[in-house]
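Let the sequences and hints guide you as you build the complete structure.
Residue numbers (my numbering), protein chains in the order written: chain C, 73 to 209; chain W, 3 to 38.
Hints listed in this document are in silico derivations from the structure and should not be mistaken for laboratory results.
Heads up, a few of these hints could be off.
Quick look at which bits of chain C chain W covers, simulated, 3 or more residues with Cβ under 8 Å [stated by the list, open to error]:
| id | stretch |
| --- | --- |
| 1 | 140-154 |
| 2 | 168-179 |
Simulated DEER-style distance windows between Cβ atoms [to be verified]:
| id | chain 1 | residue 1 | chain 2 | residue 2 | range |
| --- | --- | --- | --- | --- | --- |
| 3 | C | His139 | W | Thr23 | 15 to 23 Å |
| 4 | W | Leu22 | C | Ser136 | 15 to 23 Å |
| 5 | W | Thr23 | C | Gly121 | 28 to 36 Å |
| 6 | C | Gly159 | W | Arg34 | 17 to 25 Å |
| 7 | W | Arg34 | C | Ala163 | 14 to 22 Å |
| 8 | C | Thr179 | W | Arg34 | 18 to 26 Å |
| 9 | W | Gly24 | C | Arg126 | 30 to 38 Å |
| 10 | C | Gly150 | W | Gly24 | 34 to 42 Å |
| 11 | W | Leu22 | C | Phe146 | 16 to 24 Å |
| 12 | C | Gly171 | W | Arg34 | 20 to 28 Å |
| 13 | W | Arg34 | C | Gly167 | 18 to 26 Å |
| 14 | W | Thr23 | C | Arg124 | 26 to 34 Å |
| 15 | C | Ala153 | W | Leu22 | 16 to 24 Å |
A short list of chain C residues far from chain W (calculated; beta carbon distances all over 10 Å) [unchecked claim]:
| id | residue |
| --- | --- |
| 16 | Ser120 |
| 17 | Gly121 |
| 18 | Gln125 |
| 19 | Leu127 |
| 20 | Pro130 |
| 21 | Val131 |
| 22 | Ser132 |
| 23 | Val133 |
| 24 | Ser136 |
Note that the Cβ used here is the ideal one computed from N, Cα and C, for glycine as well.
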Amino acid sequence: MSVIPKASFSLVVTPLLLTIAAAATAQQPAPLVTRDLRVSGVSIDDDSGSVRQRLGSPVSVDSSGWHYRDLEIFLKSGKVAILSITGPSRATRGGLRVGDFAVRARTLYRPCYADSLSWFRSVTKPPTSTSAPSLSR
Amino acid sequence: MVQICYKATDFDERAVTVALTGGRVSRINVGRIIEP
Chain C
73 MSVIPKASFS
83 LVVTPLLLTI
93 AAAATAQQPA
103 PLVTRDLRVS
113 GVSIDDDSGS
123 VRQRLGSPVS
133 VDSSGWHYRD
143 LEIFLKSGKV
153 AILSITGPSR
163 ATRGGLRVGD
173 FAVRARTLYR
183 PCYADSLSWF
193 RSVTKPPTST
203 SAPSLSR
Chain W
3 MVQICYKATD
13 FDERAVTVAL
23 TGGRVSRINV
33 GRIIEP
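Below is the structure:
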């Protein structure tokens, strides 16, 4: 015979289960969208003028791109093509930083990732295939 | 090791690539995949 009244058990367990379910749902990151491609106020496809307006003059410029502290910007046809974070003072929109443990990258991006080899295989399929790369590991 | 993260339902070259060194993130590239 239980010493916990049935009503009290429900009052305790139900909110606990709802809290656990809500936490699990909240931890599911969404697939990448355009606004995810933004670092330190600079977005992919911004023009070079916008970059200077946002970050100022780069520390250095060479043929590979513009170099800021902990951030390299690669331009293609005058527009930002790649934002490369090289140090811990910059973060992705999802909060990933250089120096974080690998498991954090997986936690933040796991629902939409593939390792480089499976990605390479997927993009080298014959052109008849239009499906997204497999997400299974 | 490099992980490539992309929009799963509609692959359109958006990507976050993560270089790992010694189990930690050593570089993060955000942008579009550019063919070599």
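Now for the hints, and whether the structure bears them out:
no. : hint                            : in the structure
1   : 140-154                         : holds (count 5)
2   : 168-179                         : holds (count 10)
3   : His139/C to Thr23/W: 15 to 23 Å : holds (20 Å)
4   : Leu22/W to Ser136/C: 15 to 23 Å : holds (22 Å)
5   : Thr23/W to Gly121/C: 28 to 36 Å : holds (35 Å)
6   : Gly159/C to Arg34/W: 17 to 25 Å : holds (22 Å)
7   : Arg34/W to Ala163/C: 14 to 22 Å : holds (20 Å)
8   : Thr179/C to Arg34/W: 18 to 26 Å : holds (24 Å)
9   : Gly24/W to Arg126/C: 30 to 38 Å : holds (32 Å)
10  : Gly150/C to Gly24/W: 34 to 42 Å : holds (37 Å)
11  : Leu22/W to Phe146/C: 16 to 24 Å : holds (21 Å)
12  : Gly171/C to Arg34/W: 20 to 28 Å : holds (25 Å)
13  : Arg34/W to Gly167/C: 18 to 26 Å : holds (21 Å)
14  : Thr23/W to Arg124/C: 26 to 34 Å : holds (31 Å)
15  : Ala153/C to Leu22/W: 16 to 24 Å : holds (23 Å)
16  : Ser120                          : holds (15 Å)
17  : Gly121                          : holds (19 Å)
18  : Gln125                          : holds (19 Å)
19  : Leu127                          : holds (15 Å)
20  : Pro130                          : holds (17 Å)
21  : Val131                          : holds (17 Å)
22  : Ser132                          : holds (18 Å)
23  : Val133                          : holds (18 Å)
24  : Ser136                          : holds (13 Å)
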